[in-house]
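Novice: Here are the chains, one letter per residue:
2 protein chains.
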Amino acid sequence: MESYMIYMPIVLAILGLIYMLIKRSSIMKQDAGDGKMKEISDHIYVGALAFLKAEYKLLTFFVIGASIALAGVATVVESTSYLIIVAFIIGAVFSAVAGNIGMRIATKTNVRTTQAAKTSLPKALNISFGGGTVMGLGVAGLAVLGLTAFFIIFYQMFMGGEWTNTTDMTLVLETLAGFSLGAESIALFARVGGGIYTKAADVGADLVGKVEAGIPEDDPRNPATIADNVGDNVGDVAGMGADLFGSYVATVLAAMVLGNYIIKDMGGAIEDAFGGIGTILLPMAIAGAGIIISIIGTFLVKISSNDAKEAQVQKALNIGNWTSIGLVAVACFGLVTWMLPETMKMEFFGEGLKEISSLRVFYATLVGLVVGGAISSFTEYYTGLGKKPILNIVQQSSTGAATNIIAGLATGMISTFSSVLLFAAAIWASYAFAGFYGVAMAASAMMATTAMQLAIDAFGPIADNAGGIAEMSEQEPIVRERTDILDSVGNTTAATGKGFAIASAALTALALFAAYVTFTDIDGINIFKAPVLSMLFVGGMVPVVFSALAMSSVGKAAMEMVEEVRRQFREIPGIMEGTGTPEYDKCVDISTKASLKQMLLPGILTIGFPIVIVLIGLLIYPDNHKLVAEMLGGYMAGVSVSGVLWAIFQNNAGGAWDNAKKSFEAGVEINGVMTYKGSDAHKAAVTGDTVGDPFKDTSGPSMNILIKLTCLIGLVIAPILGGHSETAVATNQNVEVIKEISVETQGDRTLDGTATAKVITKTTIGDGETLVKEKTFKGNLDEVTKQAEAYAKSQKN
Amino acid sequence: MESYMIYMPIVLAILGLIYMLIKRSSIMKQDAGDGKMKEISDHIYVGALAFLKAEYKLLTFFVIGASIALAGVATVVESTSYLIIVAFIIGAVFSAVAGNIGMRIATKTNVRTTQAAKTSLPKALNISFGGGTVMGLGVAGLAVLGLTAFFIIFYQMFMGGEWTNTTDMTLVLETLAGFSLGAESIALFARVGGGIYTKAADVGADLVGKVEAGIPEDDPRNPATIADNVGDNVGDVAGMGADLFGSYVATVLAAMVLGNYIIKDMGGAIEDAFGGIGTILLPMAIAGAGIIISIIGTFLVKISSNDAKEAQVQKALNIGNWTSIGLVAVACFGLVTWMLPETMKMEFFGEGLKEISSLRVFYATLVGLVVGGAISSFTEYYTGLGKKPILNIVQQSSTGAATNIIAGLATGMISTFSSVLLFAAAIWASYAFAGFYGVAMAASAMMATTAMQLAIDAFGPIADNAGGIAEMSEQEPIVRERTDILDSVGNTTAATGKGFAIASAALTALALFAAYVTFTDIDGINIFKAPVLSMLFVGGMVPVVFSALAMSSVGKAAMEMVEEVRRQFREIPGIMEGTGTPEYDKCVDISTKASLKQMLLPGILTIGFPIVIVLIGLLIYPDNHKLVAEMLGGYMAGVSVSGVLWAIFQNNAGGAWDNAKKSFEAGVEINGVMTYKGSDAHKAAVTGDTVGDPFKDTSGPSMNILIKLTCLIGLVIAPILGGHSETAVATNQNVEVIKEISVETQGDRTLDGTATAKVITKTTIGDGETLVKEKTFKGNLDEVTKQAEAYAKSQKN
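Taken in sequence, the protein lines are chains D and V. So in our numbering, the last spot in the first sequence is 797, and the numbers never skip. So in our numbering, the last spot in the second sequence is 797, and the numbers never skip.
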């Protein structure tokens with residue numbers, strides 16, 4: 001009995017967190033510079049903490065409100081435990097702590113990176129990437145720790161730490177969903193609020209500083225510049241961290257739910273060396289292994305030459321990344337073949353039960369790893385410097401802003417082609433290999449390298465900040481040159497990181513969607529039912545409206561920022577001459593307040609819509625909970641499909657505009673003429689970039705949270721809709737249901753030692769129609785009896 | 001027996017066409033002006049005909065190719081008749097003729113409107129609206145004529161003009177689908193090609209003329225100006241006409257298919273005064289009545305004062321429109337209660353058979369009429385001058401093009417909210433009233449006023465052209481002022497017309513979608529099956545990529561135009577002084593060739609994707625045609641949901657930018673300062689308008705065709721997937737199916753004179769599971785036998 005395996009992920013998570021602390025203290029020991037550098041860095045640190053403090057205050061109210069709502073659910077639904085509230089709160093706290101760790105380390109690492117860049121590029125990379133590593137391990141470690149710990153606790157409480165049946169395990173997992181919901185709710189506010197914050201500050205600072213006052217970016221005379229740098233941390237570090245924390249937890253949870261469903265398909269119990277829950281433990285084990293693998297990967301990210309360019313830095317990151325992915329594949333092979341029964345039975349909709357070898361689950365995980373890699377390449381193609389789409393936008397900039405915008409929009413739109421086909425193929429393939437468990441395991445494998453992905457991703461804004469500090473503290477040009485190399489690579493990793501985030505969100509949403517159907521016990525989601533179809537339309541609309549709200553929020557907040565900066569330029573004497581000190585904190589305050597205020601409406605939209613749909617559904621069909629469950633499922637599908645499309649469209653259009661603008665810095669050839677910064681074409685490209693800013697940093701990335709949170713809310717609501725199904729249908733006016741279930745076990749063993757059991761289900765549906773279903777089991781007497789009883793029970797529900 | 005009713009729609013259609021001819025000759029008798037006016041008008045006429053000729057040439061190849069493909073389908077599928085090819089070709093020809101009529105009358109009416117505007121505004125309205133009326137009646141008359149004539153012919157050929165059974169009627173309607181497919185295919189090319197044509201010419205003319213050379217719009221010195229005016233006719237007249245022609249035919253067809261399905265639900269035959277096909281005839285009857293009602297409506301569109309302003313003109317149009325809608329409601333009440341059985345039985349998915357009174361079908365038609373009205377109001381709100389969204393965009397223009405673009409995009413995106421909720425509610429409500437027949441009848445009622453809608457819509461571009469001719473032929477300012485009043489109203493009706501077109505496309509697509517499910521005989525479309533879900537994603541992606549292609553096409557074609565105009569400015573001596581004559585035909589030629597070339601890729605995408613999905617599906621699941629049918633259904637749903645969203649987004653964003661720019665003409669207040677044309681804010685608004693041009697006139701309206709054509713192709717492919725289902729499932733390796741159907745009729749009448757029949761269906765599904773379905777019929781012996789046999793037959797398929 002390898003039942004100690006249940007503790008393995010916790011051990012690995014703790015190891016990861018210990019390594020994180022060591023790494024953290026080694027970074028903190030680095031020289032943090034002095035004088036102006038330190039002062040600016042402190043401003044950023046204080047600004048970031050101010051945002052976090054204000055955000056936590058708001059979130060406290062939200063968590064209290066949501067807890068009350070969950071208590072309501074737990075009161076109404078008999079099978080929902082009050083413990084879901086505890087899990088929810090801890091999930092929220094863990095997510096907030098993960099974001100906090102990331103933001104603190106990022107705002108401490110930035111100045112140390114600047115300081116290191118004074119002498120050595122390798123050291124600067126080492127420190128900035130080290131900061132990212134701390135962030136990544138904090139997120140991944142806390143996610144695995146929290147999820148596994150709660151699982152063990154609930155497994156003890158509801159099942160006494162031993163396998164009983166799938167229904168009890170469903171209770172465990174339903175309660176565990178609270179942890180995921182807590183994490184994802186915080187992610188909503190961190191991602192959306194952070195996204196609004198960073199772009200309000202960025203756009204506001206640019207509009208007055210660069211355009212009106214004609215001072216360069218990151219100029220210390222600009223009162224909004226600190227807010228701008230805080231924004232990098234709030235949006236790109238804390239927002240991204242919370243996003244992936246949420247994905248990570250939700251993916252593993254969904255895989256566990258579907259693992260439980262396999263046990264149901266196999267007759268309600270399996271014999272394995274892991275206490276009969278190997279299929280449920282596997283995703284956690286892979287997540288745990290991923291932490292250690294990510295640490296190994298981070299060791300490989302280093303350069304030796306002080307004269308290295310972008311290519312070498314990128315190569316170092318790639319080596320670390322691809323090694324991690326390769327090691328995860330190896331780990332998946334080992335864990336899958338070790339932990340899963342050699343062959344499993346899985347129900348395929350419309351195709352009945354199928355025998356699935358464990359190797360097919362491994363193939364499904366490979367699908368996930370391929371998706372993670374391929375999506376990054378696609379993103380790089382559509383947003384990468386020197387690639388055809390970017391050159392086309394540059395070319396179109398020569399005829400003005402309008403053609404630049406059209407080209408950028410078209411690039412974003414057409415980029416959905418390859419990514420969506422990839423997703424579609426991945427869903428299909430991983431399902432063909434191992435059903436929806438395969439889809440969830442594909443997502444889990446992809447997410448296993450989350451720590452590594454985050455390290456690569458968070459290093460970008462740290463380098464960006466380091467450059468800002470170098471500029472503001474007026475360092476020698478070589479310092480800025482070095483940080484610019486890191487920053488430039490960081491821009492690419494930011495784009496590919498967004499690709500990873502949306503791929504993870506899409507697969508997570510699908511896994512959650514599958515888990516939802518199993519929780520509600522419906523026979524699938526039939527969009528030929530008009531109420532379901534209409535909810536598919538409504539679901540499709542929500543990401544579009546959400547994006548519009550997020551974009552408008554940036555506009556509104558940026559306008560406030562513009563007015564404040566104008567006021568300071570007007571009222572503070574000597575500010576332009578560098579003798580007067582701008583009131584940075586006022587700008588930080590505006591961004592903080594505006595972002596928190598503006599994120600409310602999108603938040604309400606996300607959380608409110610599923611709830612309203614269920615309420616209206618129950619009002620109109622009080623006796624047909626299954627139809628309401630299907631309606632909510634249709635809504636979830638609509639949000640997912642449309643959300644994925646709009647995420648790719650907005651991220652890639654924004655990224656493409658950004659790099660089209662950047663192309664002018666080194667000079668580009670348009671119709672045979674070299675064109676540089678300051679040209680009309682460049683101005684057109686700047687317009688495009690400004691349009692793209694909220695696209696790629698606010699509304700685009702928010703889609704991830706929207707689709708995941710929607711599916712999670714569905715999962716939490718599921719027991720309300722699923723639990724009452726029997727009574728519900730029984731009282732339906734149009735359909736009368738009578739169920740008679742009898743089990744006849746023919747005890748007489750035949751010559752070859754097999755016994756037969758038959759289960760008959762009789763259902764009378766209205767209008768003189770009856771349905772009789774017979775199922776026969778053959779095999780060993782005990783086994784057959786067990787299977788038949790489990791089947792009968794499943795038919796009763 | 002009111003079986004003469006089958007001929008009623010034809011008679012009404014012919015009456016409409018006769019009135020059209022009378023109206024047409026009365027317009028042609030009007031004074032067409034002289035000298036330069038006539039010359040310019042002739043240029044436009046010749047240019048428009050040149051486009052039509054080139055288009056027809058290309059379409060001939062397409063029609064031949066598609067006919068061969070249809071012959072292939074007819075060969076493979078036993079139940080598909082070769083007559084579908086005839087129907088297809090005639091459908092294509094009718095659609096082309098309808099477009100031809102519209103374009104010829106529009107290009108003859110424009111100059112007559114200019115001439116009339118010299119003396120009288122009421123007369124100018126009378127003539128321009130008269131041209132629209134000819135167009136509207138041509139489209140509606142030919143649609144009803146063609147559809148009804150083919151129905152009668154096929155009804156005679158396949159059923160001998162008498163009711164036999166629903167299977168035979170399905171054959172009739174499947175063959176009739178060819179007519180609809182032909183119409184919609186032409187619409188694809190007319191809409192997309194026309195959309196590319198008009199915007200390539202418009203953007204090209206503006207970029208060189210207005211921006212580079214600094215000459216006003218419609219200046220005769222600009223070589224692209226004739227192409228620009230031709231474009232108005234090609235895109236807004238012929239394109240819109242073909243679009244609505246296709247919607248009209250498809251909607252009525254879908255309603256007929258679902259009417260046949262009701263007869264199936266009612267046991268395979270109904271007794272009524274209309275030869276037992278009342279439910280099938282009803283949509284045709286409403287369409288026929290709509291033609292006469294539209295004629296009545298057009299009588300009401302007139303103004304008396306020569307000093308009338310936009311408001312009076314708009315009011316005259318509104319009176320005509322609302323009267324028509326009101327009369328259709330009355331006609332629906334009369335026809336529904338007269339032609340339908342008082343109560344019908346309809347199958348509701350998951351809810352069984354329900355008794356539906358005919359009055360509920362009437363309620364469903366009211367839902368359709370409300371949608372038609374409401375969608376126009378929504379569109380007007382988001383794109384109307386002086387409304388909040390426009391004022392917001394104007395305000396945002398003050399900080400530059402970027403904020404103008406963001407505001408416009410956000411407006412388009414947020415406008416999906418109300419429209420999608422309206423659609424969702426309409427689907428739900430009309431389905432709740434009368435199932436999918438209700439949805440199709442809602443669409444039919446809405447489409448009944450097509451002639452009137454088109455008259456209102458086509459009058460806009462005619463007035464626009466009239467203004468252009470006035471400008472180019474240097475008429476007195478009062479002439480241009482009068483045509484400007486008409487043009488301005490025409491801009492509003494163009495926006496609301498687009499709302500009507502997308503609403504009709506959405507409802508048509510849904511009705512076709514429902515018809516598809518009945519044709520393939522699948523049990524709905526379950527998106528919980530991974531292959532179906534992945535196709536939902538793919539379907540969602542196609543409208544986005546289609547839009548990107550259409551937008552890029554405009555960019556490419558416009559660049560060619562720019563180069564040609566530059567060349568002429570350079571090489572033709574005296575062109576800017578007005579002494580040299582520009583080579584207008586060269587520009588017309590460029591637009592023509594470019595649009596025809598560029599529309600190929602989007603066309604291939606639309607037609608190719610469903611076919612590829614079916615081929616891949618059959619390759620992977622050769623024995624499970626039903627799953628392939630569900631996959632295609634998932635694709636159709638994805639295209640519809642995403643297409644509707646992107647249509648609303650693009651149409652409204654484009655319309656909003658357009659009117660934000662127009663706001664500057666009369667002057668707007670920004671931050672307390674009156675701002676006019678030529679200001680920086682106005683320049684920013686012009687940039688937004690240029691971005692919006694392809695949105696609202698190319699890619700946005702193309703979505704209508706994309707979603708309708710996708711669903712129609714599905715419908716035509718349906719027999720391939722549906723017909724073989726029995727054998728298909730039987731050879732599936734995982735599921736073994738044995739069907740035993742026995743009918744036992746208990747002949748002994750009981751005391752109350754009723755007999756009982758029982759049908760038992762026994763299906764053995766793999767893994768030792770069998771399914772026995774019993775259905776009992778009670779009633780009159782003959783009736784019961786008939787019902788039971790029909791039911792048994794339906795179970796066999």
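Take the hints with a grain of salt, since some may be wrong.
Chain copies aren't distinguished; within one or between two, either way the pair holds.
Unchecked claim - Below, in silico cross-link-like pairs of lysine-lysine (DSSO-like), each with a Cα-Cα straight-line distance of 27 Å or less:
1. 354 with 626
2. 662 with 683
3. 388 with 597
4. 387 with 556
5. 387 with 36
6. 118 with 302
7. 23 with 315
8. 53 with 29
9. 556 with 683
10. 586 with 556
11. 210 with 683
12. 118 with 23
13. 626 with 345
14. 556 with 388
15. 387 with 597
16. 38 with 597
17. 593 with 388
18. 118 with 36
19. 57 with 23
20. 662 with 210
21. 315 with 53
No wet-lab data here; the hints were simulated from the structure.
Novice: Next, verify each hint and record whether it holds.
Specialist: Status of the hints after comparison with the structure:
1. Proximity of residue 354 to residue 626 under the C-alpha cut-off of 27 Å is found in both arrangements, the shortest distances being 26 Å within a copy and 19 Å between copies.
2. For the identical chains of this complex, residue 662 and residue 683 are neighbours both inside a copy (11 Å) and across copies (25 Å), given an alpha-carbon limit of 27 Å.
3. For the identical chains of this complex, residue 388 and residue 597 are inter-copy neighbours only, at 22 Å across copies versus 40 Å inside a copy, given an alpha-carbon limit of 27 Å.
4. For the identical chains of this complex, residue 387 and residue 556 are inter-copy neighbours only, at 19 Å across copies versus 34 Å inside a copy, given an alpha-carbon limit of 27 Å.
5. In this assembly of identical chains, the alpha carbons of residue 387 and residue 36 never lie at most 27 Å apart, being 40 Å within a copy and 51 Å across copies at closest.
6. Proximity of residue 118 and residue 302 under a CA criterion of 27 Å is satisfied intra-copy only: 18 Å inside one chain copy versus 80 Å between copies.
7. In this assembly of identical chains, the alpha carbons of residue 23 and residue 315 lie at most 27 Å apart only when taken from the same copy (23 Å versus 74 Å across copies).
8. Taking the shortest Cα distances, residue 53 and residue 29 sit within 27 Å of each other inside one copy (26 Å), while across copies they are farther apart (79 Å).
9. With identical chains, the CA atoms of residue 556 and residue 683 are at most 27 Å apart both within one copy (23 Å) and between copies (22 Å).
10. When the C-alpha separation of residue 586 and residue 556 is checked against a cutoff of 27 Å, the pair qualifies only within one copy, where the shortest distance is 17 Å, while the shortest distance between copies is 48 Å.
11. For a Cα distance limit of 27 Å, the shortest separation of residue 210 from residue 683 qualifies both inside one copy, at 12 Å, and across copies, at 20 Å.
12. Taking the shortest Cα distances, residue 118 and residue 23 sit within 27 Å of each other inside one copy (22 Å), while across copies they are farther apart (84 Å).
13. For the identical chains of this complex, residue 626 and residue 345 are neighbours both inside a copy (26 Å) and across copies (23 Å), given an alpha-carbon limit of 27 Å.
14. In the homo-oligomer, the alpha carbons of residue 556 and residue 388 lie at most 27 Å apart only across protomers (15 Å), although the nearest pairing inside one protomer, at 35 Å, exceeds that limit.
15. When the C-alpha separation of residue 387 and residue 597 is checked against a cutoff of 27 Å, the pair qualifies only between copies, where the shortest distance is 26 Å, while the shortest distance within a copy is 39 Å.
16. Within a single copy, residue 38 and residue 597 get their C-alpha atoms no closer than 31 Å, and across copies no closer than 62 Å, so neither meets the 27 Å cut-off.
17. Proximity of residue 593 to residue 388 under the C-alpha cut-off of 27 Å is restricted to the inter-copy arrangement: shortest distance 25 Å between copies versus 41 Å within a copy.
18. Taking the shortest alpha-carbon separations for residue 118 and residue 36, only the intra-copy value of 15 Å comes in at or below 27 Å, while the best inter-copy value is 75 Å.
19. Taking the shortest Cα distances, residue 57 and residue 23 never come within 27 Å of each other, neither inside one copy (30 Å) nor across copies (72 Å).
20. Taking the shortest alpha-carbon separations for residue 662 and residue 210, only the intra-copy value of 16 Å comes in at or below 27 Å, while the best inter-copy value is 30 Å.
21. For the identical chains of this complex, residue 315 and residue 53 are neighbours neither inside a copy (38 Å) nor across copies (57 Å), given an alpha-carbon limit of 27 Å.
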